[in-house]
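What follows is the residue order along each chain.
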Amino acid sequence: MSAFAATAVSRVRLVRQNVEIRRLFACVFGMLVLALMTGPSGSNTAPVSGFTGSLFHPRVLVFLALGVGLWAVLTAQHRWGEVIRRTSNNVMTLPRRVMPDRRVRLFVYAVALAIAIILPLHVNAFWQDVLVDQIGIYVLLAIGLNVVVGYAGLLDLGYIAFYAIGAYSTAFWTGALPVHPPMVVNAFWAIPFAIATAMLAGVLIGAPTLRLRGDYLAIVTLGFGEIIQIVATNLQGVTGGAQGVIGIPHPSVNLLHVHYSWLIDPLPYYYLLLAFVVLALIAYSFLEHSRVGRAWTAIREDEVAAESTGINVLKYKILAFAIGASTSGFAGMLEASKISFIEPGDFTVQLSILILVLVIFGGMGSLLGAVLGAAVLQWFPWYLREHPLFGFQDQDLFIYLGAILVIMMIFRPEGMIPSRRRKREIGLSEHGVGTADAMSGSSSEIS
Amino acid sequence: MHRKIIRIGVPLVAVALTLGTFGGVATASTSHSSDPTYTIAYEGPLSGGNAQLGLNMKYAVELAIRWANQGKTFGKLPFKLQYTEQDDQGSATQSPTAAEALVTNSSVVAVVGPAFSGATKAAEPIFSAADLATVSPSATNPQLADEGWNNFFRVVADDNAQGPYDADYIAKALKLKSIYTVDDASSYGSGLVGALDTRLTHDGVKFTHQTAPGTTQCQAGTGNVQEYGALASQVVSSKAPLLFYGGYYCDFALFAKALRAAGYKGQLMSDDGSLDPHYVSEATAGIANNTLVTCACAALQKNVEDNSFGTAFKQLAGFASGTYTPEAFDATNVIISVMKSIGPHVTRAAIVKALHKTTYLGITKTIKFEKNGNVSGKTIYVYKVEKGKIVELGSTLSLIKSS
Amino acid sequence: MCFTQNFWSFLIGGIANGFLYALIALGYTLVYGVLQLINFAHSEVFMSGGFAGYFVLNAVIGNSHPSGVDSVLLVILGTAAGAVGGAAIAYLLERVAYRPLRRRKAPRLAFLISAIGASYFLYNLAGKEFGRNAVSMPAAYTNGTVFTVFGAQVQTYYVVIAIAAMIMLVVLDRIVATTRLGRGIRAVAQDAETASLMGVNIDRVIAQTFILGGILGGAAGFLFGISSGVIYTMGFTPALKAFTAAVLGGIGNIRGAMLGGLLLGIFENLGVTCAPTEWRDVIAFGILVLVLIIRPTGILGERLGRSA
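Chains as they are written, first to last, in my numbering: chain X, 38 to 484; chain E, 82 to 484; chain Y, 9 to 316.
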């Protein structure tokens, strides 16, 4: 009797340890979750109707079949499984393998720039607006946050605060706020003011808090992001309060022989944004390979060692913060003057987190990764709204986004296109040598 | 070198072709029958923390279109109507893009929405440039009417109408000398209570004002529910005979519960954001009873509960009609009514012109627009929760006269 | 006057809130102790507990008005249901979102993103399945004044929270200090590699840690829902506040989380008279920043391994 039980237990243990059985469960489970996600919704009064409608319904058989099919493909012992795995690996590493060649790289960049310039001319006004408001701004924000998180390895959860500061200073200097500036400038000339104010804010916030350890810095920046939103809501006499600020003028240039006004059309804003993105990409790329960039890498990989070689860690951290803030400030200025209206509800903590997600999804520390990650993750939901997939409802967008994030991190935690250095760091950390990011900066403890 | 260029070139071309799908925007297809087909769009929050309010309105618009197509509301129409929606999450950052989507959709002839005032402020310049009529069921910020947008209409009275009328009611009908006012720090609540407070001073009523930011239990606020307990203690010790809350039903329900639990015995009062049966169900009937709620909408009970509208809505949406549902229904119907008067060939500009001239009897009020898009007639009605149901007491002016 | 007006009533209310924060904060601190990971999805564990308690109580109570012993049993049932719901979601999180990353030794930012993704996924799925309106919890007891302290009324609700929380906190403290599981948790928190060399099954300890945190967080969700109702977005603010409480007390330190939670609840309430409501969050964060600058490891320091 006990022998029977023993063999049963060991058989169960064998099953549990058997990789293929586990994979089967995982595939089927995943597909059932997908069935639930694409199924009907429940409500307060009928909470199980969503479950019964999705799972106790003939359609669940389709998903079960898909689950088994997926498992079969992944487990396939013969050529096809291998071929699929090898191709997917090849595709994922394609950019990194061809990029090292400098001529190839410049060619690719030139083509990409050409596409970026020509593409918007061939799409309708809606997609042009998506390119500016929903994709372009986020690409710029991702590039900026990449400097903070990717280069310097600082976990910033309140990045949107600088965006808000840029937007409100634009409103201030163009005279749209209840309080009036010493001199009213055109929105275009408010750009340096917005950037400078954001940078100043970055320095002021960074100075006392950047000494803190990685996780604590996360909280403090999170708190600061919330504080900015609360202050904007409460100071009704200064910021217009919860009702926001309406009537921020569009930018225009009236200099020498150049007269140009931006109006409602999204296309001119796109080109202004593109110019700044290209500038930022070039500048940050140089920065990455300069002394400053090397200092950041040293700080990221081992702060104590960096300090002991004479690098002023705090100064470089504040520099990263300020540079990231400046990018965010410009983005704030652009949106404020394009939409002509800002309100505190635009600057939520969720937005800060979203930008962090974009950077890490794209690949930390890599400019190309930040750009592509932001572009893909921001484009996809708007594409789905216009061309809904089977069973997709607008309300359920975040369910899909969340699932994609989890799956991405499981299969490719370094992001879509990580920088080579990061990839090496991650590889080393997988073998137990050092850590790959800022979250375990235990060496910076003070007391 | 050649191989490398090919290995990059092919994927790049593939990418470019995929991106070419940018150009393919789904437009509503016109039906192949002889009747022209037009689309009425709804823009509002369908996801995110403000989703419930948006869903309240969305199904009302759908129901109105359905009934119109069936001939129930206007008899036989010389065209077919379709419904489309855009989710702006109630946010001023998403609404311009949502607006562009509707503007570039050539089948859309009018828009019900945007639902939120902030989203409207951001999106209206785009709608205005395209002369696309937007009839909002819920955007109450007074500034919206001052921006000179010819295509902007709303079927709700703005905050500057409701606030002062509520104040007059408190001062002259209830004859109170000092009250407590709280707003939820939202654009809606703070605007309304601000107008209320100003009028209270004018009427000689003293008030203590506090802001309690909306909580995560309600409209995607970031406020903390725990704060209601402490605030309730303060209200109790202030011994104010009435508390006016500017905000939405879900937060008001929690606040009401906290107030009663802290021992507050005074009168509870709120605005049309609380005119929702969920207020009663969430605060529980015992606490909700005798609450006063004001609204710029008439005879709601009679039209919504006893009429087939209420049941049909519940069947379509899966939940009962709530805040702004009747307004959205009216907004859609006023558009359809002017479309019918224009005839089988409707254009956006014609709708805008016709809306400026129309008078339409809706289920919430008689709808006639002033030049700036505000709905004319600022009658505010007072409702009371009795035995778990919301009943109308009368208009503020008539109640003041009879007191 | 600041802090002195309505002192006792605010203090009592603050202690009740503080217990809730403490329960949630423990979930963060436990997970942080063993994984050095901020479990961003803990807010969804809290929410699941709320919903689980709601469904069970709805099924059992329906429309009746229980009292006496029935009430006590129902509260226990609700808390248990919440605990089970929270534990289930916490375990699911660990298996689906974190364990694959641990296998691959992924960088910690990847864990963070996975947590954020799981959080988005869970609460939006709850919104889709259970509706987007808040629902109020069926009343297991009638709320009234149980007794008064220095003129401040103590509601039934506060008593319920206090008793439930204190029982759970004491039990947790004993589990961590005396049982084998507790020793395992402390060992893994101190040095995971050596612990595994000593024969501790890391995977099992981590899963059980998540479950422990889930029990506490889920129960807190139910208790919170009694007065505030249950909605799919309910997790965000309470969890954020609890997280700052955990950091305040010293992240990774169990007693620190309890202390941090209580302090946060008390000072949040007492501070009502010191500043207008709309500024309180600003002040709270300002204080947090100050504390962290002066004492970066939190009030009690951060050593789970030496929680005794």
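I should point out that these hints are in silico values taken from the structure, not numbers from a laboratory.
Positions of the beta carbon are idealized from the N, C-alpha and C atoms, including for glycine.
Misleading hints may appear alongside valid ones.
[Unchecked claim] Coverage of chain X stretches by chain Y, computed from C-beta distances (three or more under 8 angstroms per stretch; other residues unrestricted):
1) 70–83
2) 264–271
3) 370–380
4) 390–398
5) 446–454
### Query
Failing hints, ascending?
3
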